[in-house]
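Sequence order for the protein chains is A and B. The numbering of the first sequence is the working numbering, which starts it at 1 and goes up by one. The numbering of the second sequence is the working numbering, which starts it at 567 and goes up by one.
It is worth saying that the hints were derived from the structure and are not from the lab. Hints may contain errors.
Taking lysine to aspartate or glutamate pairs in the EDC-like style, the calculated list, with each CA pair at most 20 Å apart, reads [said to hold, decoys possible]:
#1 A/283 to A/273
#2 A/239 to A/182
#3 A/441 to B/585
#4 A/554 to A/543
#5 B/596 to A/438
#6 A/441 to B/583
#7 A/259 to A/337
#8 B/604 to B/585
#9 A/283 to A/242
Chain by chain, the residues run as shown.
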Amino acid sequence: MDSSHPHGLAEHLDLIASMSLRFATTKDLDTSLKHGLERIADALDAEAASLFLVEKAELVCHACAGPVDITGLRIPLNSGIVGRTVSGRMTQSVLDVQNDPDFHASVDSKTGFVTRSILCAPMVVQSEALGAIELINKKTGDGLFVLSDARVLEALSAAAALALLNARMAQALVEQERLQREMELAAQIQQSLLPENRPAPFPIAGLGRPFREVAGDFYDILPLTDGRIGFCLGDVSGKGMDAALLMAKTASLFRSLAKDERDPALLMARINDELCETASQGKFVTLVAGFLDASGQRVVFANAGHEPPLLIRPGQEPISLPAPAPPVGILPATVFESEEVMLDGGVLYVFTDGLTESTGGNGEMLGAEGVAALICRQGELPLADRLSDLADSAMAPGRAVHDDLTLLAVAGLPPSADIRAISVPQCLAHLNVPATPDRLKLVRRVVAEAADLVRLSEEKKGDLVLAIDEALQNIIRHAYGGPTAKPVDIDIVREGDMLVARITDYAPPVDQSRIRPRALDDIRPGGLGTYFIQTVLDGHEFEEPPPGAGNRLKLSLRIASEGTQP
Amino acid sequence: MNISVREDRGFVVMTLEGEADLQHTPTLRKSLLESVSKGRPVVVDMSNVSYIDSSGVASLVEAYQSARKKGFSFALSGLSPAALRVLQLARLDRVFTIHASLDAAIGDE
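Can you build the whole structure from these sequences, using the hints too?
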C-alpha cells in the first residue's frame, strides 16, 4: 500500500465490497458490468471508462461510461494501451497519452474527445487475463491518476473477472445439462420408435437393449393391410447423436416404402438410394428387411451387409443365411437379392453383432454358433420371452456385452390362423356416456354384445361385464367424485387373442398408488370393485391418457378359454 | 330393479328382480336395512336377479352384519350363476347362508 495515500483504498472499500457482491450474484452480467463501470468512473473521478474483453484474437468493448460510446469497438488483441495491459497482465498508468507509442488516436479524432491520461487494469483470474478496465482523464487534482486509484481499479477489475468466469462456467454447465437432457430425450424417442411386442400368437417379436443411452440399432414390425407383416432390423455404424438420426431416418424409410414394395430386394435398393442421396458423413447401415407373407409360413428378405440371420427348425441343424450385398448408404444403385425361406415350424432369428460379439470369461466371442446353441437350449417359450432369454444369456454373470443388443424373431403361424385378425386391432365397440349410474346398464349391454362378437365364454363374458362396470363405478365415485354429465369413453377392441377395453375419463389424474383392493378377510364394503377387476382379468394397467383426458385404464382378457391354448 | 317385501311363515321375504347395480344400490340398501330392522329372520330371494355388482354385494354384507348383531338369520336364495360367481369371487359364498330356492329357505327353518 502506498503510504502517501493512506486513505485511498479504504475510502473505496464499500464500493469494492458492494460491486464484488453484485458481480458475484448477478444474472445479467452485461448490465452489471456497465453499471459497475459507471460507479467506478464516478468513484475515481474519471471522465470516461470502458471495459474490454478478450474474444479470440481481438479485444471487444462490452461496456462504456462517459461522453463517447464505443461499445462494440474491436481492436487487435495486442494493440493499444488496453492490449499492453492484457498481454502483460499489468496495470498501466499513462500520464502523457498523446506521446505513448501504443495510443490509438483514431477514436479521439473521430469524436473530438481528447484523451489526456489513462489508467488501465487487467481483469485477471487464475493468472488469465479475460480483459481490462480502462479509465480516461482524471477530472480532479492535476488530471492524473494516482497509485491508490490503480489499487482500487485492480481490486474491482479482479472482482469483475471472477464474476465473468463464474457466469461463463454457469453457462457451460447449463449447456452441458441441456445436452444431457437432449440425449435422454433422444433415447426416449428412440425407445418409443421400437414397436411393442404383440401378444401371442402374433408371429414376430423384437427386443432392443441399448448399450449407451442412444442406440445405433433398431428394428420394426409392420403389419400390412394385405395380411403380410413387414420386419426390419438394422445397425448404424458409429454411435451417438448422428448415428441415432440416421437410424430414425432408415426406420422411417422402411415404414413408408414397405407399404408398396413387395420385393425385399427392391425395397432395400430404394432405401439404399434414398440414404445415398443425402450424404451421411461416411456412416452406413447394415440392414435386414423382409416380409412374412399372409400364409404365415414363407419369409422373404434381403440382407444388406448384416450378420447372417439364423433359421432354426426343431430337430435340424441351424441354417445360416449370409448375403454378399454391402450395407445401405454407401453405393447408389447397389443391387440386392431377395432370399426366400419356408419356416416349416422353425424360427428365423435376426440379430446385431452386439449379440455375436458378446464375450465370455476368457474374452472369447459368442459367435453365430454360440447364438444357435443358446437358442437350441431354450425350452418352449413365447416368442418374445425367447428373445429376452437370449439377451439375458448373453449378459449373464461372467459374460460381457459391448454394444447394443437387438434381436428379432420371425415364427410361423398355425395354418388355420387368420393373420389379419391377429395383426390389426379390430374395433368391436366404442361408447361415450356421461359418468352417471343410470348408464351402467347400457354399458353392460354393449360390453356383453361385444363379448359375443368374439365368442367369449359365458363366464368370461360375465367377468368382463363386471370388471368394466366396476371400473366405471370407480370413475363415477372416485375420479369424478360423484355422478356428473362429464364423459367416459369406452373402447373395446380385439388385439390378437386378447379382448382389450380402454376406459378414458376426463377427471383430474388419480394417484394410482392409492388404488388398493380390500383384503378379502375384511368383510366390509369398499375396495371390492377393484379386487374384482384385478381378479377376473388377465391384465389391467393405467396407460398414458390422450391429450385433454385425465386417466386411461386398459383392461384385457384372454379370449380363448383355458384348455384350448396351444 | 323391483323390490317387494312380504312376511311369510315368520320370515321377512324380500324378492329382488332385475339388476342390482350402482344405480339401484341406494334403494336396495334402504330396503334391506328396513327388512332387517323388523326383528325377524330375513330371506332375500334373488331368483330373478341377473346381475349384481360390488355395491350390491356391499349392501347385502351390511344387512347381513346388522341382522347378525340383532341375533336373526339372514339368507339368500335362488342365486343365478352370474350372481353366485360374483359372491364366489368375493369369497362371500361361504359367509352367506345360500339356499337353492325360496321354498328351501323357508322350509328349512
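So, going through the hints one by one against the coordinates:
For the hint linking residue 283 of chain A to residue 273 of chain A, the alpha-carbon distance of about 14 Å falls within 20 Å, and the restraint holds. Under the criterion of a C-alpha separation no larger than 20 Å, the hint pairing residue 239 of chain A with residue 182 of chain A is consistent with the structure, at around 15 Å. With a CA separation close to 8 Å, the supplied pair residue 441 of chain A and residue 585 of chain B stays within the 20 Å bound. At roughly 6 Å between alpha-carbon atoms, residue 554 of chain A and residue 543 of chain A fall within 20 Å of each other, so this suggested pair holds.
The straight-line distance between the Cα atoms of residue 596 of chain B and residue 438 of chain A is roughly 18 Å, inside the 20 Å bound, and the hint therefore holds. Restraint check for residue 441 of chain A and residue 583 of chain B: the C-alpha separation of about 14 Å stays at or below 20 Å, so the hint holds. Restraint check for residue 259 of chain A and residue 337 of chain A: the C-alpha separation of about 19 Å stays at or below 20 Å, so the hint holds. With a CA separation close to 25 Å, the supplied pair residue 604 of chain B and residue 585 of chain B exceeds the 20 Å bound.
For the given pair, residue 283 of chain A sits about 9 Å from residue 242 of chain A by alpha-carbon distance, which is consistent with the 20 Å threshold.
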